[in-house]
Amino acid sequence: MTHHVLPMPCTEAQIRALRIGDTVTLQDTLFGIRDATLIHMFDHGRRTRFDLNGHAVIHTAPNVRKVDKRSTNDSGYEAICVGTTTSDRMERFTRPLMEREGVRIIIGKGGLRQGSLDAFAELGGVYLAIIGGTAALETTWIQAIEDVDLDDLNPESLWRFRIRDFGPLLVAMDSHGGSLYADVQQKVQDRRAAALAKLGVA
Amino acid sequence: MTLMTKADVEPLRVAPDAIEEAAKLLYIRALKVLPDDIKAGFTRLDAGESDGTAKAILATMIENIGVAERTENLLCQDTGIPIFNVQIGRNVELDGWALKQAIRRGTERATKEHPLRSSVVHPITRKNEHTSCGAHVPVINLDFVEDDRLLRLEMIPKGSGSENGSFLQMLIPADGVAGVKRFVVDAAMKAGGKVCPPTIMGVGVGGTSDLCMHLAKVAATRPLGSRCPDPEGAKLEEALTEAVNSLGIGPQGLGGDSTTFAVHVEVAATHITMNPVAVNIQCHSARRASATFTPAGLAIGF
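Residue numbers (this note's numbering), protein chains in the order written: chain F, 1 to 202; chain W, 203 to 504.
None of these hints come from the bench; they were simulated from the model. Ideal Cβ positions, reconstructed from N, Cα and C, are used throughout, including at glycine. Treat the hints with care, as some may be off.
[Said to hold, decoys possible] Anything over 12 Å on all C-beta distances counts as not near chain F; from chain W, calculated:
hint: 1; residue: A217
hint: 2; residue: G291
hint: 3; residue: G409
[Said to hold, decoys possible] Derived lysine-lysine pairs resembling DSSO-like cross-links, with alpha carbons at most 27 Å apart:
hint: 4; chain 1: F; residue 1: K187; chain 2: W; residue 2: K392
hint: 5; chain 1: W; residue 1: K234; chain 2: W; residue 2: K302
hint: 6; chain 1: W; residue 1: K257; chain 2: F; residue 2: K187
[To be verified] Computed footprint of chain F on chain W; a stretch qualifies when at least three of its residues, placed anywhere within it, have a C-beta under 8 Å from a C-beta of chain F:
hint: 7; stretch: 253–264
hint: 8; stretch: 484–493
Whenever a hint applies, use it, and build me the whole structure from the sequences.
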């Protein structure tokens, strides 16, 4: 169980060093992405002008306020509340995000499936769990919304956040086939029969 | 035409403007301040949790409740689908159509004036009007209650992560209550960490298919500590809470004892050939706010 501080973007070697159970704090840059963003990027063939190589994306769609463009908020938006959504819906986009855009870290809640775990092992990626529903706290780790792309999808635009001490996040799926979610699911499956028996259900 | 009001008692009248203001206030308040019963639920789960990771996750959730209050920020980024449950007591005089429009305007104003993320889109075009409103949204449930001169608005911003953990099955009488129990355990397993546990699991038993699903929502959104008024339903609540928490799903699906604050059950009579069961889930950010109008004035609570 090691704690890592990773300035973004990062290298494959830095990702391969992470193991499930470790914790990570990210610095500098984070991209926000979710359902509509990914559907438009990979099903509708749209491209982003952002370079996501070696970067981290978080499954989010923030609450924002429109502001005059100024040095701290070049995007014309100010963050009100930035949180995290359930990752499972975005499962099929993990591999294309990594293969086409070079993304190395996915942050979300609830975990991803075997397909993502395979992509992490093959391409050098990792899933970091953030605590869902703790957006007020998470927002204090966001310094500014630096830029925004695909903003016709607002609030599901592609956001670029400037971050400081973003974490600690839990390494929940690593590049060595480890998944805390799979471990828990196996334990839960093993306990089902006893739970039903106690309820008097054959 | 005679109004069915008590003789010599002035009925309660609430102006649409007051409803609109209350609807706006409730949407914002619900997103920022967690009800006391949910806070107490966190304390209880934390005290009983044996897993280290789970304890750390619960601590972060509890910390977030404090940060939201101190910074007057939203507890969760998900502004949800706005739901308003309206209770209309006796000796209340109101224009029902105006009431519905006022709730809609209040929702729209909260979204634009705070501002809040509009999480509501057209289901086919996926177009977001940035008002948190659309066809049949906000959801408005109207009911009449016995209380004299009372009008109560309860606001629930229903998060989508947990709402996606909704399940219905038209079981048959031969499946018995055993089938109902198995369905709930399996629903908790399918939902796993996706529904942001610890949850309140709402279970509807009986009724028609749509009523059964509605009962599950009623169950998922009622305060912790409340019990099913039906004694058989109350017994099920206790047994199912213990069963779901014995599975070890834990906070965020990362393992532990704290999978659900409670399983709540609501029942309705059903047909001799039917045995429907539904599950609707509320996440740990189990947000509610209420406004109660009486002749004494307006009271804001949970």
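Tested hints:
1. A217: holds, 30 Å
2. G291: holds, 34 Å
3. G409: holds, 22 Å
4. F:K187 / W:K392: holds, 14 Å
5. W:K234 / W:K302: At roughly 24 Å apart (the allowed maximum being 27 Å), K302 of chain W and K234 of chain W satisfy the hint.
6. W:K257 / F:K187: Answer holds: K257 of chain W to K187 of chain F is near 18 Å, not above 27 Å.
7. 253–264: Three-residue rule met by the stretch 253–264 of chain W, so holds; n is 4.
8. 484–493: holds (count 3)
Violation of the numbered hints given earlier is absent; every hint is satisfied by the structure.
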